[in-house]
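Trainee: Residue numbers (the working numbering), protein chains in the order written: chain A, 238 to 441; chain B, 238 to 441.
Since the hints were derived computationally from the structure, they do not count as laboratory data.
The C-beta atom is built at its ideal place from N, Cα and C for all residues, glycine as well.
It is possible that some hints are incorrect.
Claimed, not checked - The calculated SDA-like cross-link candidates involving lysine to any residue, where the alpha carbons are at most 25 Å apart (straight line), are: (1) A:300 x B:373; (2) A:255 x A:275; (3) B:300 x A:369; (4) A:255 x A:405.
What the hints assert, rightly or not - Computed, partial: chain B to chain A, Cβ under 7 Å: (5) 268; (6) 349; (7) 419; (8) 429.
There are 2 protein chains.
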Amino acid sequence: VRISELSRVSGVPIASIKFYLREHLLPEGRLTSATQAQYEDTHVARLRLIRALLGPGGLSVAKAREVLQAIDSPPESTHDLLGLAHAAVTPPGPLEADLGRVHALMGRWGWRVQGKDCDLHAALAAALAALDDSGLELPPGGLDRYAAQMFAVAEAEVADVPTSTPAEAVRYVILGTVLLEPVLLALRRMAQQEASGRRFDALT
Amino acid sequence: VRISELSRVSGVPIASIKFYLREHLLPEGRLTSATQAQYEDTHVARLRLIRALLGPGGLSVAKAREVLQAIDSPPESTHDLLGLAHAAVTPPGPLEADLGRVHALMGRWGWRVQGKDCDLHAALAAALAALDDSGLELPPGGLDRYAAQMFAVAEAEVADVPTSTPAEAVRYVILGTVLLEPVLLALRRMAQQEASGRRFDALT
């Protein structure tokens, strides 16, 4: 189909499609004349992925290009491909973070977190430092309990990642990682109210 | 002790203490002359709470005053007191949210979330709408699974709330609700990497 039809089918404005072509996010169509190109179903799928990366995924154009290149020439290991996608949606961690404590926790739990994702280590270190500063004391084993609970969440999520194509897997990982965070936080707060009702309404 | 000593012991600058006095967050000391007042240990504890509310809790002065008044004249039910604290740290939900779907979910899970916290309903509704818009499809029962997992998290947290005094309970709820969110999100992302390694490194 021509670019106007590609725009109609995908719902993406022509100007955006041209921008993605210029930025090498979307592969060129097959030229049928000096000024016309034909696009296929694969272009529709790719547009859907580009929109996911740049929209909810919050990736820069450069990061999105990197992820798309990895999809087009995927590394041998799916784990490496998904790690790259995962790293792309990880915001830079605060610089002043004390990573030693986090490395110790990873060792205790037996979690292997990729070195390139040290931003994640920094994010956890900063969150734990804020907790300390506040003077809030978790009960003994509180952090281990959270780790076990979040591992259960993550394990089920990773089991759900579709492996039909690298593109589908990456799209699922990026959208699922980012978009489920507000869902989980809202669910936790609502569940706290129900749990508080169960505990304290019985006491009063 | 005098205000200078209260500042030293609590680590809160004198100017801030005077501001809290003016805003009726901190009760006046016992006047020992026209210009001097004496402060007690209770003032130190109250300062710690005020700092938690205004700092990590992110409350406005007006919201903090409301929470402190509830602590000073606590409602009969601890659940109501904690619900008030919980509501104070809930950001206003987006207005355009479709609440019907969330009410249906609450009914399905048997969760009783207080009406005054409809901001929480709106937050979940908006998060689910963003998920829909992205085209990400959770597996069947995926949302129910998240709800069950987050309920387990919340139930253990609520069981940990200290009930020695209303002030301690409120402080724990406010700090725990807010400050553990980044901890949980970082743990989930790190756990995803470990889980991905377990699933996909075995496959390649």
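Trainee: Each hint: holds or not?
Mentor: The hints, checked one at a time:
1. A:300 x B:373: 20 Å, holds
2. A:255 x A:275: 13 Å, holds
3. B:300 x A:369: Holds - the C-alpha atoms of residue 369 of chain A and residue 300 of chain B are around 24 Å apart, at most 25 Å.
4. A:255 x A:405: The given pair, whose Cα atoms are some 23 Å apart, holds under the 25 Å limit.
5. 268: 30 Å, violated
6. 349: 5 Å, holds
7. 419: 4 Å, holds
8. 429: 4 Å, holds
The structure fails to meet hint 5 from the earlier list, while all remaining hints are met.
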